[in-house]
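Participant: Residue numbers (the working numbering), protein chains in the order written: chain S, 204 to 430; chain Y, 2 to 372.
Just so you know, the hints here were simulated from the structure itself, not pulled from any lab data.
Heads up, the beta-carbon is just placed ideally off N, CA and C, and yes, glycines get one too.
Among the clues, some could well be false.
[Said to hold, decoys possible] Which residues of chain Y face chain S? A partial, calculated answer using Cβ under 7 Å:
1. MET50
2. PRO76
3. PHE83
4. HIS93
For reference, the chains in residue letters:
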Amino acid sequence: MSEAALAIIVLSAKVALAATLFSLPFAFIVAWVLARSEFRGKSLLQAAVTLPLVVPPVVTGYVLLILFGAKGPVGRFLFEWFGLTFAFRWTGAALAAGVMAFPLLVRPLRLSIEAVDRGLEEAAATLGASRMISFLTITLPLAMPGVLAGTLLGFAKALGEFGATITFVSNIPGETQTLSLAVYSLLQSPSGDAEALRLILASVAIALAAVVISEWLARKIKPEPRR
Amino acid sequence: MSVLTVDITGMAGAGFPVRARFETGPGITGLFGHSGAGKTTVLKMIAGMLRPQSGRIETNGRVCFDGERGIDLPPHKRQTGFVFQDGRLFPHLTVRRNLSYASWAGSRRNSRSFAGIVDLLGLGNHLDRWPATLSGGERQRVAIGRALLSEPAILLMDEPLSSLDYARRMDILPYLEQIRQETQIPMVYVSHEIDEMARLTDTLVVMSHGEVIGAGETAEMFARLDLGPALGRQKAGVVVHGTVVAVDADWGLATVDIGGQTIEVAGTDFETGQTIRLMVRARDVSVALQAPDKLSIRNRIRCVLDEISTDDSAFAELSLRCGDQVIRSRITRRSASELGLRSGQHVIALLKSVSVERRAMVPQGEQGALR
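Excised from the complex, chain Y in its bound form (with noise of 0.2 Å):
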């Protein structure tokens, strides 16, 4: 079932026609794109705060708004959680009155635990604190719990991390992550920082200029070399799945089976038999028509090429199906022409394991809805 139906037009505060249609289920819904791709006007008018021109949009099957019926219910009677870039979190309040807010002025039942949201954000100490002393991830936490405590059908996050520095974001991830396991509520999170969709989302919105340009599984939509200029060319990559069959702790290794062959990647933190996600990066992958001799890349993934996608820049774009999943590769448009590389040909992708980060790597728990 559908947890959220969009199928909007209307004009960005900047200017620019909006035009969205998409559906989301369960799970974490990644809404991407650049700056001004117009991902923050979508969240606003799916909250409520921007009216669309025309079309509908559906919560939990409830209808939030049809321009064609004159339906448009004021944003506090839609039940959409939102967590907003810079917190807003009440200056006034402590962070206990911030957190209990919905339940006092918003009149909403609170069937969530205020202890166990708490608990959850690690928010126990800060209760008594005001909003001013507090550090900018504390802040996005309360923000966040205080979403989560207002009942919401659906919790909308406008880039809640963008405003922290990478230290901060990597502190706050885990919650997000153990939020998706432990809450049931659906969300659909807005970042242009492609880690945080490959960490966090099942699906996948992409959108551009105003529209949206692809939808689907994450990792499928990684996959897709036509979204490349989209999703960013420097940081453009695929998120693969493995399992962890060996951990060798002499040379803090890890060896993970991707489907018939293994790499190998940094960290022994893992268990053997656990399933993690890799975010592997196109500009990290090299093809290779033989396997080349003594060379530090350990990590050497037969494949077959099923598409070369080039354009007038220097660049060309392989994807490399592996089993059943598929790696991005990005090299130059001379080198492809030299090797004479062609479509159905077998290559050998080569991938230095110190190059698939550490941070994009996420234990999937039961919920991965991924697999």
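Just chain S, with the same shape it has in the complex (with noise of 0.2 Å):
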């Protein structure tokens, strides 16, 4: 395999591993917040969630560039306050996977947390444990099936992102161009198509692995019943 080709698999994977982990922890609030409690308007966080999911990629894409672009509103305040940019970076590629793989998160999170018998939290309570103890050795190893599961389906669809990547930092190579948007441009050369081919092949096995490591850790920590 070319230097290239491992140049952008690594690039990918750097893109993808960023965007699911910075993701988890506001999808996993966001997913409680969904399962746990009720409040006006909860319907329309669940709307404002899944919106990634039905509104066209480039769309998404366009929107990030308004706001986090150099001159958008919430680009400017992280660049001042904290040094941030996004516009033409991997960073950017890395914040538009995050935000398309959104709702692939959020989804078996909260079906997951809502699966977890809340008398089980009741019965850790008589037993002298406090909310976050409880949280800790109850709700979360319960729900830790869901909480892979989503990983790795917000993992995946990071690893894939296309059309909101390209509108918002565009196909440059080294910095923003995934696997995707590198397989794309080979594919419109007339001799890129073994490369392509190669890059193809890589995706999934990665995709591949991702699933059999997460089964592997599954497995590991939902023991099964035995006798």
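Using the hints, put the two standalone chains together into the complex.
Facilitator: Shown next, in the form of structure tokens:
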């Protein structure tokens, strides 16, 4: 495999990993709120979370460009206070991938939080466990399969993101050209087929590895009943 | 000293008002009533899972809830052990980790030895198993052990046996009796099974339609005619205490002194001199004005008729005094009328030995607080 291809794979993995890990805590909080509380405007929040899934990715990318671009309100704020820039940088690719993956993260998380019997938390409280401890020892471990499933799904989505990324941060080799963008570019040129095939195989391998690892983790965390 | 003081008003989950006021001492207090009487609501309020609208709850002199002063301790600070109807074992933890949960997650100091409780509940062989593989009875034993190991000031049990079949229930009752004798933890035991109440409890709080309608010593409460409907017509009865004076292995009968008179009950696994409790149901007791001839019923107890209670049903409830104990009898209103029964009359109570159920008899240990 060529050095260029390897660089693309490493960049893609970096972008997808950053996107997933950064959205996970936010996704968990949103999933928790959706699963556990009743309030006015809950369906509005639900709709907002689903939005990136139903809006054309190009639109999402354009909205990100307006908000997080160098002159956008959020983008300027983040640059002035934290020195973060997104426009035409790999961080922008990660942001786009994270936003697109968000709904896919939230859904399994919400389902698995809803599936945890709250009676068990009640039982933990009568045994002296504070809310935080009972969350860490009961709720989180029981929701773990869903957390893993969500993380995996989010990672896969982030890895393959195309529309929002190309709209927001363009297709810059070495900076924002992830696997999907590179494959797209290669297929545009007459001699790129072989290299494109290699990248395609690599992306399938990465996705497979992610599935296998998460299955293995799920087995380790959730012990099968045995006698 | 009272272990638990409850004086609360609030709403049950099902939406009816609940008002409860009672005190309990050491030993086991039964909270009895039909389903929907508000028993579980009261228990959950004591544990802090439901919030009363007003009132006060104190355990061991510590205020857990006080509506006026705005005190409302969260459940994990109340030191109330709770055994749920459905066990609620943590499915992702082994039996051992479930049992010790209070010490590793709840940071409760454990003066009671882990090995001691495991021994007491016969869980030694199950420590490394997963909750999903346990039988219903084993699961409840683990749940009881887990609560005992949380250093509770008081143990609250919400129909802990109701999810089990009859045989499993009979397996677990002896464990509960043993806990009463070996630990000093006071308990509140919720049930609508009158047998469990007769067997386990020292004092009884009777609830009906969200209100406490009577509280007192278990034997006294069973003898009260006015609680009849709440205690259940079919199963109503009294707890009679007696001392075993003889055991006849040939006939399989034990002779029990119930205060100057003796009755015979089935069973030979008693020791002479042992104090026991008998559950005598009202519907199993007949009365005669003179000793009948040639009758299979061998237990004939001379009593004074204290009180007759009738309503517009077909039945009459009699309260019969025999020494310092009370026996209840249910006969038809018509019989009562034809015999011309009136208060103060001397009658003979007839009780078939076979109707004193074996399972309702409990050897009383030193702690038997009833006498």
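Participant: Quick one: which hint numbers does this structure break? Sort them smallest to largest.
Facilitator: none
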